[in-house]
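Asker: Next come the chains, spelled out residue by residue.
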Amino acid sequence: QQQVKQSPQSLIVQKGGIPIINCAYENTAFDYFPWYQQFPGKGPALLIAIRPDVSEKKEGRFTISFNKSAKQFSLHIMDSQPGDSATYFCAASGASGGSYIPTFGRGTSLIVHP
Amino acid sequence: NAGVTQTPKFQVLKTGQSMTLQCAQDMNHEYMSWYRQDPGMGLRLIHYSVGAGITDQGEVPNGYNVSRSTTEDFPLRLLSAAPSQTSVYFCASSWGSNTEAFFGQGTRLTVV
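Taken in order, these protein sequences are the chains called A and B. Mind the numbering: the first sequence is residues 147 to 260 in my numbering, read in order. Mind the numbering: the second sequence is residues 217 to 328 in my numbering, read in order.
What the hints contain is simulated information worked out from the structure, not anything from laboratory work. A few of these clues could be false.
Lysine-lysine pairs mimicking DSSO-like chemistry, simulated, CA-CA at most 30 angstroms apart [stated by the list, open to error]: (1) A:K204 to A:K188; (2) A:K151 to A:K188; (3) A:K161 to A:K203; (4) A:K188 to B:K225; (5) A:K204 to A:K217; (6) B:K230 to A:K188.
This is chain A alone, in the form it adopts within the complex (with noise of 0.2 angstroms):
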C-alpha cells in the first residue's frame, strides 16, 4: 500500500512558468511533510518543509500549500528557471506509529525549457 502518492510522474514546463505537484497521504499519524530535490547523479536534498499546524509555507520561489483535511500537500515553483530541472520528491513522517523515518512518493521529473 503506497503511503504517500504523488503525481504528477512528469512534468514539462518553459521558462518562467508554475508547475505544481501534488502528493497526498494515509496515515493520519504523518505530522512533518518535506520536499526533497535531486540532480541526476546526486543524492535527494531537502527543499522546503511543512508541518500540519500552518496552510502554506513559502521559502523564495517554493511554496509549500497543506490541506489536513484533505490530507494532500503541493509544491508549486514560481517563475521556474532551467536550473529547477530536477526530480522532486515529497515525503511524509511522524513521531508516532511506527512512522519515524520519512515515506516518499514516487517523484516528479521536472524539465523546465528556457
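Put chain B on the given structure of chain A with help from the hints.
Answerer: Quick look at chain B alone, frame taken from chain A:
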C-alpha cells in the same frame, strides 16, 4: 564536514555474490536509513536504525541485512545478490523523526 559518505559509488556483482555497502556519517545523527531508488518507484525504505544497536525493517527488506554497532556507521549487506537488486542505493541520516534527512551520493549496483 563530510556529511554522509557512501562507498563504493559503483559496483557490479555476479548473481549469488555477497557484498557490503558502506555508509558513514559525521553529524552524530541517531537515525540512519537505507533506501533503494528504481525508475518510477521513488525511494523505498529497506532498513533503518534509530540508534546504535537498534535496527528495524522497512518496506523492502528481503535479501538485505543491516547492523548498527556505532552511531557513525550503518552498513548494508547483500547476502546473495540477485538481478532484482540492481538499483541505486542511498543512505540517509537525521537527528530524529520529523527532521531533515541528509543523503549520501548513492551507490549504483548492477547484478548480472
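Asker: State for each hint whether it applies.
Answerer: Hint by hint, here is what the structure shows:
no., hint, result
1, A:K204 to A:K188, "holds (25 angstroms)"
2, A:K151 to A:K188, "holds (23 angstroms)"
3, A:K161 to A:K203, "holds (23 angstroms)"
4, A:K188 to B:K225, "holds (11 angstroms)"
5, A:K204 to A:K217, "holds (19 angstroms)"
6, B:K230 to A:K188, "holds (25 angstroms)"
Checked against the numbered hints above, the structure breaks none of them.
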